[in-house]
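Asks: Assemble the complex: chain Z is given as a structure, and chain D must be docked to it using the hints.
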Amino acid sequence: MITLNDYLLVAGILFAIGLAGVVVRRNIIVIYMCLEMMLSAANLTLVAFSRFHLVDGAPDYAAQSLVFFTITVAAAEVAVGLAIIVALFRAKQSVDVESVTKLKG
Amino acid sequence: MMSSFSIEIFLAVVGVLLIALDAFATELNRKVVPWAAIGATGLALILMLTRSADIPAWITPFYATDSLAVFYKVFALVTTLIVLIIALEGDFITAYFSSSEGVKTRIGEFYALPLIVCAGMMWMASAKDLVALFVPLELVTVSFYVLVAFTRRSAMSLEAGVKYLILGALSTGVLVFGIAWVYGATGSLSFEGIAAAASKPTTNAMALMLGAALLLAGLGFKVGAAPFQIWIPDVYQGAPTPVTAFLSVGSKAAGFVVLTRAVQAFTGDGSQIATQVGNALLSAAALTILLGSLPAIFQTNVKRLMAYSSISHAGFMVLALACGATGTVAFYMGTYLPATLLGFLLLVVLRTQGVGDELKDLAGLSKRSPLLAFALAVAFASMAGLPLTAGFMGKLLVFMAAISKAHYGVVALAVVGAAAGFYYYFRPILTAYSPVEGESTKLQVSPVARVTIAVLIVGVVAVGVYPKLLQSVLK
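Taken in order, these protein sequences are the chains called Z and D. Taken in order, the first sequence gives residues 1 to 105; the numbers are from the working numbering. Taken in order, the second sequence gives residues 106 to 580; the numbers are from the working numbering.
Read the hints as simulated data drawn from the structure, not as lab findings. Predicted model, so just to flag it, every value in this text is computed and none were measured. Please note that a few of the clues may not be correct.
Here are the computed lysine-lysine pairs in the DSBU-like style, where the Cα-Cα straight-line distance is at most 35 Å [as the list claims (entries may be wrong)]:
no. : chain 1 : residue 1 : chain 2 : residue 2
1   : D       : K465      : Z       : K102
2   : Z       : K92       : D       : K472
3   : D       : K136      : D       : K547
4   : D       : K547      : Z       : K102
5   : D       : K472      : Z       : K102
6   : D       : K465      : Z       : K104
Below, a sample of chain Z positions facing chain D; criterion: calculated Cβ distance under 8 Å [as the list claims (entries may be wrong)]:
no. : residue
7   : L14
8   : G18
9   : G21
10  : I84
11  : V86
12  : L88
13  : F89
14  : L103
Built from N, CA and C at the ideal position, the CB exists for glycine as well.
Next up, chain Z with everything else stripped away, as it sits in the complex (with noise of 0.2 Å):
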């Protein structure tokens, strides 16, 4: 029987995964991947809790509702950032977090 906490315990390790790679990693693009692997991680997060928190013995679906706004975001957030990215591409030829670096002081 799979229980709300292992359902925690693998977003947990998800998120900590993206934040770890947002952290580490220079490709921005593998970094955009990072960020998306975080919302996943918060989607499963609430959908674990939505599903064992009962109200009269019915699931909750309050929050997994958020899901579908969320996965929504997210898809808009992919679709504007990667046109920065490529943007960023045409100008500079690379994708490295090394390319921004002139702001700065």
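Replies: Same frame as chain Z, but now just chain D:
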């Protein structure tokens, strides 16, 4: 008579229609896009001030219409209106930097997107529920990704866009994860339900604390509170100036209204995590003021200086929030609006005349244009908190709120921050009024810019001399 809800839908629809118009209309018709956007925002502002109170019943569980919501809605509309005027002032700069070499581009989106952002900020002001918080917040953030990277021929704008994109998406991930844990701990997505569950002894305090910490971190990013303020200087400096103005006033205000509601839910009567949240906010406030004020001393670029200044202002607002003075947060925001928008408007006007945004470029401004130099002095004096300007009243109220709660340590740090402010805010003023050798050309200021500058100066002084003007709105 329209309800505030219909006004928001109106704005979003006009925004989408203007994007379509820009894409399909002839060259001549495209010229109406900026004016249509300004007209629609102005109309929405009038409709908002004469709105009807009744909203559809189905939306009441998610949608607040209290005085806080109304204040921030009007705030968002005023900000958007002035930002659109600033954008129109700098129109040819935006057009130049967003087109490929030798190609005439359409920049109608640059005027249409702020309407959609404005609708999102107005929805955020009414959020009573974590879903109603998250969706408009992302509407605003994703639109800002586009706006920040809009002038893509400028390497700085593109770099700012990428940085904002990565860190913004990171904060979204953290925010949703926080929402998930808050929901898991309390079993509710509405702020009322969260506040009720937070005071119940059966609620798992550890899980709630984890959720609250992540959620506040996500929102702290949006308002630029330390330690999540690192993106602000780069993004503010690189973004097109009208967008910087919009980010630093509109986005920050919308962030603060949802932060206010979240903090109210976490620190309600008998909440198990009230002390921890209060302490976290206090330390964040102290850190934000210091990390905003101290680096600002060494800046040589006015836009970047204003970025650090906006961090320090956010610190003062977080301090007011930590003291539970939600009215003071809104008041401070109201004093911050005219001074900051005036500052960015001046930068755009100067830029159109070929004056850059480095500190040394301001030298001799008082000779070249007495009006601009005076406006600059008013804007920066208000940001510093000189008596008789709006900024002074804002800082005074924050200090009073903090002293009434006996947070003397943080007050001492805030005083240091405010004192440093007098140094770095007065440097641009002194530069502008310093005498320079040789002949200099006079600067031209368009009539629209003149009127806007005058209105903003009157706003700064009026609130500074007679603060009840703004306070009565907040009652």
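Asks: Tell me the hint numbers this structure goes against, listed in increasing order.
Replies: Failing hints, ascending: 2, 7, 9, 11 and 13.
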